[in-house]
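2 protein chains.
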Amino acid sequence: MVIARNPEKVRDIIARARQKQKTVGFVPTMGALHQGHLSLVRKAEKECVFTAVSIFVNPAQFGPEEDFSRYPRSFRQDRILLEKEKVDLVFCPQPRIMYPEHFSTYVQESALSDNLCGRSRPGHFRGVCTVVAKLFNIVQPDKAYFGQKDLQQAIIIGRMVRDLDIPVKIRICPIIREKNGLAMSSRNRYLSSEEKVQAAAIYEALFCARSRFKSGETSALKLKNMIKNNIKAKAKKAKIDYISIVDYETLQDVKKIERKAAILAAVYIGKTRLIDNIIIKP
Amino acid sequence: MVIARNPEKVRDIIARARQKQKTVGFVPTMGALHQGHLSLVRKAEKECVFTAVSIFVNPAQFGPEEDFSRYPRSFRQDRILLEKEKVDLVFCPQPRIMYPEHFSTYVQESALSDNLCGRSRPGHFRGVCTVVAKLFNIVQPDKAYFGQKDLQQAIIIGRMVRDLDIPVKIRICPIIREKNGLAMSSRNRYLSSEEKVQAAAIYEALFCARSRFKSGETSALKLKNMIKNNIKAKAKKAKIDYISIVDYETLQDVKKIERKAAILAAVYIGKTRLIDNIIIKP
Chain A
1 MVIARNPEKV RDIIARARQK QKTVGFVPTM GALHQGHLSL VRKAEKECVF TAVSIFVNPA
61 QFGPEEDFSR YPRSFRQDRI LLEKEKVDLV FCPQPRIMYP EHFSTYVQES ALSDNLCGRS
121 RPGHFRGVCT VVAKLFNIVQ PDKAYFGQKD LQQAIIIGRM VRDLDIPVKI RICPIIREKN
181 GLAMSSRNRY LSSEEKVQAA AIYEALFCAR SRFKSGETSA LKLKNMIKNN IKAKAKKAKI
241 DYISIVDYET LQDVKKIERK AAILAAVYIG KTRLIDNIII KP
Chain B
1 MVIARNPEKV RDIIARARQK QKTVGFVPTM GALHQGHLSL VRKAEKECVF TAVSIFVNPA
61 QFGPEEDFSR YPRSFRQDRI LLEKEKVDLV FCPQPRIMYP EHFSTYVQES ALSDNLCGRS
121 RPGHFRGVCT VVAKLFNIVQ PDKAYFGQKD LQQAIIIGRM VRDLDIPVKI RICPIIREKN
181 GLAMSSRNRY LSSEEKVQAA AIYEALFCAR SRFKSGETSA LKLKNMIKNN IKAKAKKAKI
241 DYISIVDYET LQDVKKIERK AAILAAVYIG KTRLIDNIII KP
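Residue numbers (my numbering), protein chains in the order written: chain A, 1 to 282; chain B, 1 to 282.
Just so you know, not all the hints are guaranteed correct.
[Unchecked claim] Facing chain B, a subset of chain A residues (Cβ under 7 angstroms, in silico):
hint : residue
1    : His34
2    : Pro59
3    : Ala60
[Claimed, not checked] Listed next, the stretches of chain A that the computed footprint assigns to chain B, with coverage defined by at least 3 CB atoms under 8 angstroms from CB atoms of chain B:
hint : region
4    : 121 to 134
5    : 149 to 163
6    : 258 to 266
Calculated directly from the structure, the hints in this document are not laboratory data.
Idealized CB from N, CA, C, for every residue including glycine.
Looking at chain A on its own, in the form it has when it is part of the complex (with noise of 0.2 angstroms):
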């Protein structure tokens, strides 16, 4: 396994697999690694020849009232994991090289950024979209992974491949969970013991809401009240951000489930803000 920490080095290793004829699999991450992440890297190892892991933890898509600074690196526990999983290359660049100085251009999607996570973190999508461009066109891989907790990241990512032709095939994997349910996430670091165990009523309310679709309730209003009132009955230290109910394509929010959806909760358990999801379809 390569560790590099700058962009000539990853092209040179990728121009030599290539050379290989080696197809080339890609995991974008902010490290703090989990089995969340494992699970993409294992997909990726599965469909290509070469995996690259990044790990980068990108100032552009924090707030500056959220967590950069504290947000979770633990790159010693990272590269064993993905020395384990027989990974080829970790690009792991510090910020001063994907963002030099005068660095002043950036990708920004525009019609599903704005609903959602989008929302509650303006600037967010925007760093998401530029640091995924940048790794794209450093790494140049012929397919990404992303997990489907990001759901609106995965679907963002999708849309500017397409409109600004990058040549990369996206894939989006299915969350990971911890036994209680809790969707897995570098974040879930954060939490007490007690908040844990009050953070799985997330997914238990999702998870009900989608039966509960499944037995004929189309409307979102009435789903998204079920939500909200079974995580505060079961998690006091829950503070709601959004529970929403969208348009898988659009990200729109719906009045009545005709057609492909997701239910998308963004809760904060004590200080820490967690997202999950569920797609439904009729």
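Place chain B on chain A using the hints.
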């Protein structure tokens, strides 16, 4: 010479050239080709084994009041010119191919794009950056060729390429001029013969200012006033949009010329907006 009307065909042909280890040079244009464009094509031919040219009048870089619909289109003539130059590939997509339904992702450079033409043409460089990023992703050239005539554009593209890690080398090539000094431009076709004579005043004034600078005048204000007076004296139909002297790196106005700078002019001759520039070095 292959004519491709969709990105898939371009990718196919480029992939085949790559298999033969050919280097790819690329000249993006809006068609209505003149000797300026052809000088870029010749430079590409000289430096690369495979040469691609795009012809696409990009709606995203025209303002609602601008000349998108009447912009000169002369595909037959362009095709003959490019065949003569032994160009390998011409990419000429329809707007609906480049901007499919629900297109929503744009590339925005934000430090160099507000001054000069960005001031007169809001959104223009967002449209330029977006289409050029797309074209680079489709053609994936080793080198791309831009004319110094559109100096702000060329410098912004250079910044975009650096910031987004696009693996292409940007070459800025000299302005090609008519015998009377007028910078070649597709928009010169709008000019009456009388206007063409008057339009020569723009370069004359820039040239004259550079002479003054060489003789010791470093005050931007004095040089700009000289240029304005010169143009007004010689071209009654001229309406000045801007005359600016800016730092070559930052494109910000300077008061005193102490390092590499550019004098840029945007002038209406009748209804036609023309631009020109000249680079000065202490």
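Hints, verified against the model:
1. His34: violated (28 angstroms)
2. Pro59: violated (14 angstroms)
3. Ala60: violated (11 angstroms)
4. 121 to 134: holds (count 4)
5. 149 to 163: This one holds; 4 residues, not fewer than the three required, reach chain B with a Cβ under 8 angstroms.
6. 258 to 266: violated (count 0)
When each numbered hint is compared with the structure, violations occur for hints 1, 2, 3, 6.
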